[in-house]
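*Asks:* Residues per chain are reported as follows:
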Amino acid sequence: MKKTISLDVNGATYETAAEPQDTLLDVLRGNLRLTGTKKGCETGNCGACTVLFDGNAVDSCLILALEAEGHKIITIEGLADASKLHPLQQAFIKYGAIQCGYCTPGMLLSAKALLDRLPRANEEDIRKGLEGNLCRCTGYKQIVEAVEAVVRGEFK
Amino acid sequence: MRITKFEYLTPSSLEEACLVLQQHGSQAAVLAGGTDLLVKMKNPRHSHPQYVVSLKNIQGLEYIRRDKDMLRIGALTKLDAVANSEVIKTAYSSLAFAADNMATPQIRNIGTIAGNLCNAARSADMAPPLMALEALLNIVSPQGTRTIPVDSFFAGQGKNTLRSGEIVTEVVIPLPPARFALWYQKFSPRSARDIAAVGVAVALRLDSGGKCEKCRIFLGAVADTPIRAPLSEAVITGNKIDEVLAAAAGKQAVSECRPIDDNRATADYRRHIVGVVTKDAILEAYRGVVA
Amino acid sequence: MNKFSVIGQSVPRIDGWAKATGSAMYTDDLSLPGMLIGKLLRSPHAHARILSIDVSKALALPGVKAVITGNDPVTNKTTHWRMRPQLADMAALASDRVRFLGEEVAAVAAVDEDTAIEALSLIKVEYEPLPGVFTIEEAIAENAPRVHDEFDRNINPSVSLPVSYGDVEKGFAESFHVRTDKFSTPTVIHAYMEPHSALASYEPPGKLTLWASTATPYYLKGDVAQVMGLRESDVRVIKPYLGGNFGGRNVPFALDFCAGLLSMRSGKPVKITYDRKEEFNAAGRRHAARLELKTGVSKEGILLAKEISVYLDGGAYNGFGPTVTFLSGLYHTVVYRLPNYKFNGYRVYTNNPIAIGMRGFCGPQAHFAAETQMDMIAEDLGMDPVELRLKNVIKTGEIVPTVGVIKSCGLTEALNKVSSAVNWSGRPKEKGTGKGMAITCFGQMSGANFNFYNTPYAYSGAEIRAYPDGTLTLFSLAADVGQGSDTLLCQIAAEELGLKIGDVRFIGNDTAVDPVDLGAYSSRQTMFSGNAVLAAARDLKQQLFEAASPKLETSVIHELEARDGRIQVKGSAKRGMTFGEAVMCVLRAKGGKEVSGFGTYTPRGKGTATPAVGYGVAAAEVEVNKETGVTRVTRFTMAHDCGTNINPMAVEGQVYGSIQMGLGYALSEKLIIDKGRVMNANFLDYKMPSTLDMPEMVSFAIDTVDPEGPFGAKESGEGPINCVAPAITNAVYNAVGFRVMELPVRPDDILGLRKDKKG
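Chains as they are written, first to last, in the numbering used here: chain A, 1 to 156; chain B, 1 to 291; chain C, 1 to 759.
Any given hint might turn out to be false.
Below, computed lysine-lysine pairings styled on BS3-like, alpha-carbon distance capped at 30 Å [claimed, not checked]: (1) A:Lys3 x B:Lys40; (2) B:Lys40 x C:Lys124; (3) A:Lys3 x B:Lys5; (4) C:Lys570 x C:Lys182.
Estimated spans, in silico, between C-beta atoms of each pair [what the hints assert, rightly or not]: (5) A:Glu123 x C:Glu559: 50 to 56 Å; (6) A:Asp54 x C:Asp469: 46 to 52 Å; (7) A:Asp54 x B:Ser47: 28 to 34 Å; (8) A:Asp54 x B:Pro44: 31 to 37 Å; (9) A:Tyr14 x C:Glu138: 51 to 57 Å; (10) C:Asp469 x B:Pro44: 56 to 62 Å; (11) A:Lys72 x C:Gly565: 43 to 49 Å.
Note that these hints are calculated values from the structure, not bench results. C-beta: ideal position from N, C-alpha, C; glycine also.
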């Protein structure tokens, strides 16, 4: 049975109807058409569906949509300002941290959660902070370098 | 990979939650973080609850505080909070470390300390260190409250000793006495995000002469439940700890574990690793006291 | 100094913004009005006869709009090997028999996913289970159960390819030392992050549009048309953004066909997306291999003869199997000079899911065996393994019978570069310290020459339209699967026409719009598609020169150039006009007809295999924990000869990604299959490396210029993975004395804890 819920996503409030068995990922992608959040494994092992949940990185495939009411959710669509890309987005593009791009939204949000907590994260912190995001293309090196560049303040 | 249909219940008090659970018995499951429950509910080979009892409307179950000589951790406290709590780090840095080295950041931000215990995986990373620390669980039910040691909470792979209508509300850990340290060492062939192939927790208290006065050793992932290694403890207790003694205790632990072959490691390899990791954990715990 | 302006620059990807903001649409992100969700019913048996299928209850479920089975009238079979129609065994759904656990037997389309899943549970299939074969050894045993009735011992003779040159017997007779070794490699999966998805929209009376996560839209169009009984160009395939390939999307799977058939049946658009479990159970995988290498060398370490026998676990059907089989031998001929060569390759049917090409197209298997054995030979001869390699590596200008003239080869330079970077000569020589280092070589084709699809088209085609505002649109069906080919092709067009990367718009991925290109496999996009783009740019440039010449009052002696956004007399920027003005000249001269250049590339007369070979050398440094047996790679160094390095940042990305995938192949990745059932069908238990598993990585470019490549460029997407695993496992040997003959190497192997294994 569908229930009407109210979700706070990227600073806007959405009223939508969800089944109890719908995950937050299902509702973001299906109901809200915020398809930047990717479906990779659906069991919390790949991180492609990472969103920020009250500022923390979480796997949206492991949260029921009905449990997400009352929390502030940020998806990849909410990372950039209207006028310009977030420094992490700029760095990912400039440093070759993107290949197929499927892990990128989740990777960026994990990186944001990390830097919000540890603005001076070193390489080890970055690797640990991105541990929950699998990438099959890059070997992670250029991703880590991009985050390091943001830590250095190379992008505003 | 859809979750099978269920009825979603959101009691607004613990009393109500317990009643609902009692009413539906084995048809109901508690939803805390959900990182284990939802994965099971997406797998058609698992049996699925018809009622999911969400605790999201129940306030006051998410806290870490020091209360006299006890550490009190609310059942819904996130693993990430355990990992980063200054209170926990000060008392038992190894417990924080254990939380910080399980699963992934995303899962630590959702999963809860009580959820990790209630899920009752043989490899649950929170169990061996809490057992070694003689931690207790406070449990409520329509019949009232009870307190049980964590080391009598596990009843088999995926099974705990909760009765119908019961909910874990709090984990209580005694604060460390003098000359005491805990060490939890997890081993998995890949990085920490993996499920432990072997986990060993050692809690040590030394006497004023530097000998081991008391020792509790628990092994994770090498039997149906996390288990105690009393013979290994006996090797240590009353003695001065060094490499040779630690190795002997490790060897003893090998005889006490009952590992299985699975996709993560063979039983033979797990037995070998129990010896290595137990030895290392004893030495680390010892260093923790003398440091 | 770089003589180019765009080539050789680390140009950021042209799709970077779309991918970084989440606005890039992948197939499953698409939605059409009235769209239905499709789901596939999969066999619970690895091998069984289908006695009956009853779909009536499923059809009666409210919300179900169509149900199809393999017995529906319009379901032909197809093959990538069109020149051998007898190999056609790709079908939408099984009809009379299932040959692997998870094979598709029926498909439903319903108003939502939950209804579709419920409908699947209402389909009744009666099976008669049959005995199966699950390993190469079981499959080739005398009287083994047959996966396909016509093939004894499960070997299809037309997929088994003997190749030889010289006289190996003579070579062995002349050898000072001959050794024979057996190697074994596991089944692993591509594990691209985006699961397969297909969205089909059928419009009566006969047009189908299919959005699909494919790396070969042209093949898919033909395959889907064949299966659905449509004319080839009634099918329009569009490839949205693609979340990784690694060879896993070069053949169609059931969803590609079933989405079309269900749309045809229901009159609605239908989308089918695999979940990760379906990816593990029923999509492609790399062939498990058993390899036997007999190699003879002279006293000085010169390779004299090599005889290779390879058995590959092909799974239940052909897929890209014949090509993989052929290539499993080829790698042995392109890295080291080899006067006598004999290869026998057998691809064996088993009741496992289909094996296809995966990054390296059998290169990782072949190189693991070859590079391990090279180190063993060096030890036998008491020779430095790098010295042994230096004596034998191919050099530019040499002729390899299976390929032709090797027009560029940087192996010697790469060996020297890597040896000095890791201080090879200064390494600790004693074994058993727990620390070890090893150096290995690779070769990889830059695109496949054989026309197995029997296409009448050029292998790659491109069109470039130019506009008076000085911009271009580049049309190509080359498939950017994540490797960055769109960006690279834009670089080639911009370079040749003297423009900036930002002046080029890429319009690709649509079979109804773009000139044919065979797509992304065999590392062919740079060499083949790049050459087509270059030809199109030259065609366009010629038109611009012809129209601009009279205006610039050139004499017959003058040469024009396209440079810095201008068409001008070479060396005289003043005598010129802007690029846009030149386009306007052509436009006016042609009465307003679009200004457009066309180009194609087909490797005619470039040998039987490939027009060029990419090369490289790797060094692995490892630490093996002697108590736990766990291997940690501490540093991995790679020098890569990809010809002219068109985009260094993109090439480095390919190298690092290859190291990651090769590291998993060496140490942790393996599908655990029990009687056809995958036991570790998730990313927790299928252990691909995470951020914490990766070593420090160093990448060097070796400068060569291949005369065949666009601006001298060769492949970079696959080669580097080939020699990663043997570099790591040879380093393990040097660290602890355990010789790895079977991948992946397990800690308990190293500790000697597996009774059935010996080092």
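*Asks:* Each hint needs a verdict: does it hold in this structure or not?
*Replies:* Hint check:
Proposed proximity of Lys3 of chain A and Lys40 of chain B is supported: the alpha carbons are some 23 Å apart, at most 30 Å. Between Lys40 of chain B and Lys124 of chain C the alpha-carbon distance is near 26 Å, which keeps this suggested pair within the 30 Å criterion. Restraint check: the Cα-Cα separation between Lys3 of chain A and Lys5 of chain B comes to about 13 Å, which is no more than 30 Å; the hinted pair holds. Only pairs whose Cα atoms come within 30 Å are accepted, and Lys570 of chain C paired with Lys182 of chain C is rejected, the gap being roughly 61 Å.
At roughly 52 Å, the beta carbons of Glu123 of chain A and Glu559 of chain C sit within the given window of 50 to 56 Å. Between Asp54 of chain A and Asp469 of chain C the beta carbons are some 48 Å apart, a value that agrees with the proposed interval 46 to 52 Å. Here the CB-CB span from Asp54 of chain A to Ser47 of chain B is close to 33 Å, well matched to the stated 28 to 34 Å. For the pair Asp54 of chain A and Pro44 of chain B, the supplied restraint of 31 to 37 Å holds, since their beta-carbon distance comes to about 32 Å.
Separation of Tyr14 of chain A from Glu138 of chain C is about 55 Å and conforms to the stated range, judged on CB atoms against 51 to 57 Å. The given range of 56 to 62 Å is respected by Asp469 of chain C and Pro44 of chain B, whose C-beta atoms sit roughly 57 Å from each other. Against the hinted window of 43 to 49 Å, the Cβ-Cβ separation of Lys72 of chain A and Gly565 of chain C comes to about 48 Å, which satisfies the hint.
Taken one by one, the earlier hints fail for this structure only at number 4.
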